[in-house]
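Produce the complete structure using the sequences and hints provided.
Spelled out from the first residue to the last, the chains are:
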Amino acid sequence: MLTPTPTANETLPFRTADFATLAEGLDYAARGATGVNFFSARGEIATALPYAELRLRALELAARLPSAGLARGDRVGIIAETTPEFLIAFFACQYGGLVPVPLPLCINFGGRDAYVERLRGMLQSARARAAIGPAELAGQLQQAAIGTLASFVGTHEELAALPAARPFEALGAGEPCYIQYSSGSTSFPRGVLVTQEAITANARAIAEHGLALRPGDRCTSWLPLYHDMGLVGCCLTPALTQISVDYIATTSFARRPMVWLKVLSEQKGTISFSPTFGFELCARRAANGLAESFDLSAWRVAGIGGEMIRPKALDEFARTFAASGFDASAYLPSYGLAEATLAVSFSRLETGVKVDCIDLGEDFERRRLARPVRPDQAHGRRTRAFVVCGKPMPGYRIEVRDDLGRPLPERNVGRVCIQGPSLMTGYFRNPEASRAVLLADGWLDSGDMGYMVDGELVITGRSKDLIILNGRNIWPQDIEWAVEKVEGVRAGDVAAFAVTGEDDQEQLVTVVQCRLGDGAAQEKLRREVHATVQRLAGADSEVLLVPPRSLTFTTSGKLSRAAAKASFLEGALRDLDELPTVLEPLRREARPLAVAS
Amino acid sequence: MTTTDDTIFREICGLVARFAPAGVQLRPETELASDLNVDSVAAMDLVMEIEDKYEIDIPINQLADMRSLGDLVELVRQQLKDR
Chain A
10 MLTPTPTANE TLPFRTADFA TLAEGLDYAA RGATGVNFFS ARGEIATALP YAELRLRALE
70 LAARLPSAGL ARGDRVGIIA ETTPEFLIAF FACQYGGLVP VPLPLCINFG GRDAYVERLR
130 GMLQSARARA AIGPAELAGQ LQQAAIGTLA SFVGTHEELA ALPAARPFEA LGAGEPCYIQ
190 YSSGSTSFPR GVLVTQEAIT ANARAIAEHG LALRPGDRCT SWLPLYHDMG LVGCCLTPAL
250 TQISVDYIAT TSFARRPMVW LKVLSEQKGT ISFSPTFGFE LCARRAANGL AESFDLSAWR
310 VAGIGGEMIR PKALDEFART FAASGFDASA YLPSYGLAEA TLAVSFSRLE TGVKVDCIDL
370 GEDFERRRLA RPVRPDQAHG RRTRAFVVCG KPMPGYRIEV RDDLGRPLPE RNVGRVCIQG
430 PSLMTGYFRN PEASRAVLLA DGWLDSGDMG YMVDGELVIT GRSKDLIILN GRNIWPQDIE
490 WAVEKVEGVR AGDVAAFAVT GEDDQEQLVT VVQCRLGDGA AQEKLRREVH ATVQRLAGAD
550 SEVLLVPPRS LTFTTSGKLS RAAAKASFLE GALRDLDELP TVLEPLRREA RPLAVAS
Chain B
32 MTTTDDTIFR EICGLVARFA PAGVQLRPET ELASDLNVDS VAAMDLVMEI EDKYEIDIPI
92 NQLADMRSLG DLVELVRQQL KDR
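Taken in sequence, the protein lines are chains A and B. So the first sequence is residues 10 to 606, counted in the numbering used here. So the second sequence is residues 32 to 114, counted in the numbering used here.
Everything hinted at is true.
Selected chain B positions facing chain A (Cβ under 10 Å, derived; list incomplete):
1) 52
2) 74
3) 79
4) 91
5) 96
6) 97
7) 103
Pairs of lysine to any residue residues, derived as SDA-like cross-links and limited to a Cα-Cα distance of at most 25 Å, are as follows:
8) A:271 <-> B:90
9) A:494 <-> B:53
10) A:533 <-> B:52
11) B:112 <-> A:53
12) A:494 <-> B:50
13) A:271 <-> B:87
14) A:271 <-> A:299
15) B:84 <-> A:55
16) B:84 <-> A:268
17) B:84 <-> A:267
18) B:112 <-> A:148
19) A:271 <-> A:306
20) B:84 <-> A:49
21) A:271 <-> B:79
So the derived list for chain A, only partly shown, Cβ under 8 Å to chain B, looks like this:
22) 119
23) 120
24) 263
If you're looking for bench data, these hints aren't it; they were derived computationally from the structure. By construction, the Cβ of each residue, glycine as well, lies at the ideal position given by its N, Cα and C atoms.
See below:
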């Protein structure tokens, strides 16, 4: 019977990421008994990999890397499946002086072509000299590597079978650690270059201040390892703090979300992160009596991040799983982004979700002022409850600035700018994109809009998506969420944006993915969406019903409104009404599961 | 080669029928994504149902290569053989 790695080390003193490099951190963790565990789609343990064994296997593989025709410092693309092989290859690069580039997975029917394009874009952008993946994806990887600089393209087994040589020197302090692709289009991906200094600094701040990690903590994760929240939060930070992790593949979670809670319950997990929709999926799938069969009482940090936090969905989860011993004070709203490695702010531990309810009237719309409304005053007003994402971690600073870069006082909505020890120095080999976000004073423009209240950050949306109608600010998320509640519409089906029409007037456009085949039903949906937007934003909106999969998402699952708007303006997004009766072949855009940051 | 009188084909049709827009006929060459509107969330539900019905594991990495109903039927057949 396979036994998962223990939760705590008996003799090895606990250290919170006070290492100069990732390799040094794994060397230390390997002196204990903790490690990582991989669970099957049905929640049974499949592999236990103590950090000691991960280190040995990574060192062994590191000795094969020179035989793949690589030079020290070369980039190595690795498909980031939730498997021991991915972690071994990732750490082999650390020990072997190469820079790993985690590559995404694809789970769409017929998504092959778009997936190959996406992989190729990343291999090209990273100027990868090698590309490694599981045997089942070898064909797609080979195809993606055509025309790129990759000279070795193969499986983990093929790499391991190369002759051993003297490995290159491990990646040292002051050197890169890995490249993270999290944003940008398929043709112009932007890779965040994360340094050893950045990863250790961010992991230290997360461990000491964000989560107050301690011996006895155990992490459970289904988040993909090709995203910052999965890789940094649930893989590298635990490795740097000798904490055991129980992994469920993202694809397993997507099929059977309850596996997440089953594993957490059985292994007595204390730390687990998810975007809001992960909690939502579980609450929705919880059949009668199922909640009672879990024991979630050890879960002390239920981290939330990666997308706008929706308090109602979290309330629903907490209500549903109270019977399992889930404590809503475990909720830990946080804010971060790949450009800062991962985390920037955390709310206070053991306090749960705190919302700031503000008036959406004139002051907000015209003067960008977030005036608080007490619940007893809310009657008859348009209000909105935003989740408070906490104070910046020690060493980090957050400033809300206006469009001219001037700092704004509290409760003024502006651009969220960040400074801290784990900011990227730039996107890899992309000075133009880097200049657009890295400010002259060394701060990073996050691209998010928000305001501060009592020193805590509140995120209200993405700045570039802000819709301004007749001088009033309208947040597209608000429209999208409202329309998603219309019957027949699902989360992720809606994109709202504004286009400039005649007389420079902004015209609101709401695009809805529609699965209804019947013309009368479509018209009914169109009327309902129009009415909903009218009610919410008080604006007339053009409503476009489009076939499913017309909207595009970033690799991290965020809706790309800019892409939707561009397609609309090009005339590529067309209403079902204008399409021929037999649906024309649709673009097969690689749309990963909308998971994680 | 999948034909319309194949048992597995007919069973899978039973599972995907709810995705089919009015007027779309279920044939081996019917495309899952574009003809049947099976998006990534629906795809996961469908995979789970197929796995439970046949007690097989569908390798998720192969979904990108599954374009048509016939492809899916062949995959199920292959997994049943390997079981």
